[in-house]
Amino acid sequence: MNPTISTIPIQQLTSGDRISLQVYKFVGSQPGKKAYLQGNLHGCEIVGNAVIHQLIDFLSTLDDTQLTGEIWLVPVCNPASTNQRSHFFATGGFNPYDGQDWNRIFWDYEKECDDLEDFAQSQLNFDPDEIRNNYLARIQSSLKQHLEDCYSPRGLPFRHIYRYQLQSLCVDANYVIDIHSSTNQGLDFLYGFYSREESAKDFLFDYGIVMHEDEYDGDAFDEAFIKPWQGLEKALAKLGRTDR
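Residue numbers for the sequence shown follow our numbering, so the first one is 1 and each next one is one higher.
Calculated from the structure, these hints are not laboratory results. Please note that the accuracy of each hint is not assured.
[Claimed, not checked] Subject to a maximum C-alpha distance of 30 Å in a straight line, what follows is the list of computed DSBU-like cross-link-like pairs (lysine-lysine):
#, residue 1, residue 2
1, K111, K238
2, K144, K34
3, K111, K144
4, K33, K234
5, K33, K201
6, K144, K25
7, K238, K25
8, K201, K234
9, K201, K25
10, K111, K33
11, K144, K234
12, K111, K34
13, K234, K111
14, K33, K144
15, K238, K33
16, K144, K201
17, K238, K34
18, K234, K34
Just need the whole structure built from these sequences, with the hints factored in.
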């Protein structure tokens, strides 16, 4: 199975060179859920690149009948930070323009959804798939508007352009994995979120960290993806709907 490869420009340098995201899409013969994996959000954490390239090699050996749904892979999800160097050091953990951590900049739809309770009330008689599709449509509509604003004449900081482009790749995903790494002295562990503990066990890691309700709000990539959905679950639970 050969992937479809998409190249998405995100920045043009003063030299005229363009920096782009490269997305590898493996699509099975049968429709199903979408998984999204990315590596190297912090440019100094290069292990994720190798992990995803190994996965690309593996998936390329399969027939499309062996895959249900689709898998999107972005080995270098932050090419701007990957190229950051200061003397002999890779400094790609922070944006050189404003000093912000590259993984504390992401857009959280929940923070701008002022009518979540009303929306939840309107969905009580729908099945979970319909609710998901209706809520996803709202998120995608808002994200599309933010992307359009990025290219308006007044412009926006690069971190805004970057985050909306990257998040547009996974906004409709069912599963998101953001691979980070430290040194070869570090432990392998998994960050997970409350109410997902059982599924986290399937990764077979010896160590895991559960992000409990109301204990995180750092605008990290994985947080920004899941928080709107957890907010909807909470709103529905208050109204007596607990299935998902």
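Is the Cα-Cα distance between K144 and K201 30 Å or less? violated, 35 Å
Given pair status - K25, K201, alpha carbons within 30 Å: Satisfied, since the Cα-Cα distance of roughly 26 Å is no more than 30 Å.
Agreement of K111 and K33 with the hint, judged by alpha carbon distance not exceeding 30 Å: Since the Cα atoms of K111 and K33 sit roughly 26 Å apart, the hinted pair holds (cutoff 30 Å).
Are K234 and K111 close enough, with their CA atoms no more than 30 Å apart? holds, 14 Å
Does K234 pair with K34 here, judged by a C-alpha cut-off of 30 Å? holds, 24 Å
Given hint K25 paired with K238 - CA-CA distance at most 30 Å: violated, 38 Å
When you check the alpha-carbon spacing of K238 and K33, does it fall within 30 Å? holds, 28 Å
Starting from K238, check that the Cα of K34 is at most 30 Å away, please. holds, 29 Å
Within 30 Å, alpha carbon to alpha carbon, are K111 and K144? Given that 30 Å is the threshold and the Cα spacing comes to 16 Å, the pair holds.
Is K111 within 30 Å of K238, Cα to Cα? Given that 30 Å is the threshold and the Cα spacing comes to 19 Å, the pair holds.
Does the structure keep K33 and K201 at a Cα separation of 30 Å or less? holds, 20 Å
Does K25 lie within 30 Å of K144 when you go C-alpha to C-alpha? Status holds; Cα separation ~21 Å.
Going through the hint list in order, the structure does not satisfy hints 7, 16.
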